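Protein chains in written order, with our numbering: chain C, 1 to 111; chain B, 1001 to 1115.
Source of the hints: derived by calculation from the structure; they are not laboratory data. None of these values were measured; they are calculated from a predicted model. Misleading hints may appear alongside valid ones.
Unchecked claim - The calculated DMTMM-like cross-link candidates involving lysine to aspartate or glutamate, where the alpha carbons are at most 25 Å apart (straight line), are:
id, chain 1, residue 1, chain 2, residue 2
1, B, K1071, B, E1103
2, C, K52, B, D1030
3, C, K98, B, E1069
4, C, K3, B, E1024
5, C, K3, B, D1038
6, C, K98, C, E55
7, B, K1083, B, E1072
8, B, K1070, B, D1059
9, B, K1057, B, E1069
10, B, K1071, B, E1015
11, B, K1057, C, D82
12, C, K98, B, D1030
13, B, K1070, B, D1030
14, C, K52, B, E1103
15, C, K3, C, D67
16, B, K1083, B, E1103
17, C, K98, B, E1072
18, B, K1009, C, D82
19, C, K98, B, E1015
20, C, K3, B, E1062
21, B, K1057, B, E1024
22, C, K69, B, E1103
23, C, K98, B, D1059
24, B, K1014, B, D1030
25, C, K3, B, E1069
26, C, K3, B, E1103
27, B, K1009, B, E1103
28, B, K1014, B, D1038
29, C, K69, C, E55
30, B, K1083, B, D1030
31, B, K1071, B, E1024
32, C, K52, C, E14
33, C, K98, B, E1062
34, C, K69, C, E14
35, C, K3, B, E1072
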Amino acid sequence: DAKTTQPPSMDCAEGRAANLPCNHSTISGNEYVYWYRQIHSQGPQYIIHGLKNNETNEMASLIITEDRKSSTLILPHATLRDTAVYYCIVRAVFGNEKLTFGTGTRLTIIP
Amino acid sequence: DGGITQSPKYLFRKEGQNVTLSCEQNLNHDAMYWYRQDPGQGLRLIYYSQIVNDFQKGDIAEGYSVSREKKESFPLTVTSAQKNPTAFYLCASSTPFAGAYNEQFFGPGTRLTVL
């Protein structure tokens, strides 16, 4: 699975949009981008995934660049409960089922 | 309620003792996984199982053992051979072979401390 690079930490004001970047310059054609988050001392929670088109669900939006070498997770109206570590993961769909977690981005929402 | 349960939430053991961590799911998922997390680090895969009576080593299997006798259960034994067993252990499950939509569902974790 391709390696990802994320900033170690970010702050965002409550009510504003939180934009979390991820670089995955060695991503291959059959690999998806997944985002999970982990609130302190809990299990990670799936947020969203995408291949090349932008995706949106009730939790977030995922913007993937045209060359697929980077992506941005957007939390449109951040709340205090969004404070967590966010992991960007790239993995092939078939064959290898494991998720390779890096150290992620620690997002802190400021009141 | 469907989900994954791990028990206990906190576990203390003396050095040299084997300890078994429980993981049960009622999501009817075929695949189950064990991860280890150390402070400030991401998750590392210990073992995974895609079907009953079958499992594969992950990235850090040394000092651990698993069994998968039932679809619902995937217990992890931390043996005395594991050099640094103190960690946060997370169990997950998913439906494999579902393409991109096979997200993994995680349990609440067990924090193991070896004294």
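For each hint given before, does the structure comply? Return the numbers of the non-compliant ones in rising order.
Checked against the structure, the hints that fail are numbers 2, 4, 7, 10, 11, 16, 19, 24, 25, 30, 32, 34 and 35, while the rest are satisfied.
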